[in-house]
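Chemist: For what it's worth, this note's numbering labels the leading residue of the sequence shown as 1, then goes sequentially.
Calculated directly from the structure, the hints in this document are not laboratory data. Heads up, a few of these hints could be off.
Calculated pairs, BS3-like style, for lysine-lysine (alpha carbon to alpha carbon, straight line, at most 30 Å) [said to hold, decoys possible]: (1) Lys149 <-> Lys9; (2) Lys7 <-> Lys61; (3) Lys61 <-> Lys17; (4) Lys83 <-> Lys95; (5) Lys61 <-> Lys72; (6) Lys114 <-> Lys103.
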Amino acid sequence: MTTLKSKLKEDLNAAIKERDELRSSTLRLTLSAITNEEVAGKTKRELSDDEVQKVITREAKKRREAADAFAKGGRPESAEREKAEGEILATYLPKQLSDEELKAIVAQAVEEAKSAGAEGPRAIGQVMKIVNPKVAGLAEGGRVSAVVKQLLAGG
Numbered sequence: 001m002t003t004l005k006s007k008l009k010e011d012l013n014a015a016i017k018e019r020d021e022l023r024s025s026t027l028r029l030t031l032s033a034i035t036n037e038e039v040a041g042k043t044k045r046e047l048s049d050d051e052v053q054k055v056i057t058r059e060a061k062k063r064r065e066a067a068d069a070f071a072k073g074g075r076p077e078s079a080e081r082e083k084a085e086g087e088i089l090a091t092y093l094p095k096q097l098s099d100e101e102l103k104a105i106v107a108q109a110v111e112e113a114k115s116a117g118a119e120g121p122r123a124i125g126q127v128m129k130i131v132n133p134k135v136a137g138l139a140e141g142g143r144v145s146a147v148v149k150q151l152l153a154g155g
């Protein structure tokens, strides 16, 4: 069993003992998503820590999107619960890059793409190919894409 998955199980047991309903239900759902990922396909397999982290990232994104949908739908209590679940999951993910750090990485990638001959908005694909490996798991794709478009349009 991977260390991240075992940590999730240990934390689930602790949350159950403490009668922390929000934390225990969030961890249960996340562990079931991990199990579903393990049994998907033709053969059962053990996920690596990186794969477990991707599942947690996907679950956290679902919580953010649900919170936005609930907020727009006039259901603030449900939105707050989804936000709280997302914050619990965020504790198991690496710290996200700040806007300044992300801009610095993207600016460097834009310079690399320009030196390779890519200019203007058409260079988005080339810049994203350079940036994505550097920020994998540290920034959402939507944020990265917005910064890339902004810097290419401004530069």
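Chemist: Quick one, are Lys61 and Lys72 close enough, alpha carbons at most 30 Å?
Modeler: 17 Å, holds
Chemist: Can the restraint linking Lys7 and Lys61 be considered satisfied, given a maximum Cα separation of 30 Å?
Modeler: 21 Å, holds
Chemist: Could you grab the alpha-carbon distance between Lys149 and Lys9 and see if it respects the 30 Å cut-off?
Modeler: Cα-Cα ~40 Å, so violated.
Chemist: Are the Cα atoms of Lys83 and Lys95 separated by 30 Å or less?
Modeler: 17 Å, holds
Chemist: Need the status of pair Lys114, Lys103: alpha-carbon distance at most 30 Å?
Modeler: 16 Å, holds
Chemist: Sort out whether Lys17 lies within 30 Å of Lys61, counting only the CA atoms.
Modeler: Measuring from Cα to Cα gives roughly 28 Å; hence the hint holds.
In summary, the one numbered hint that this structure violates is 1.
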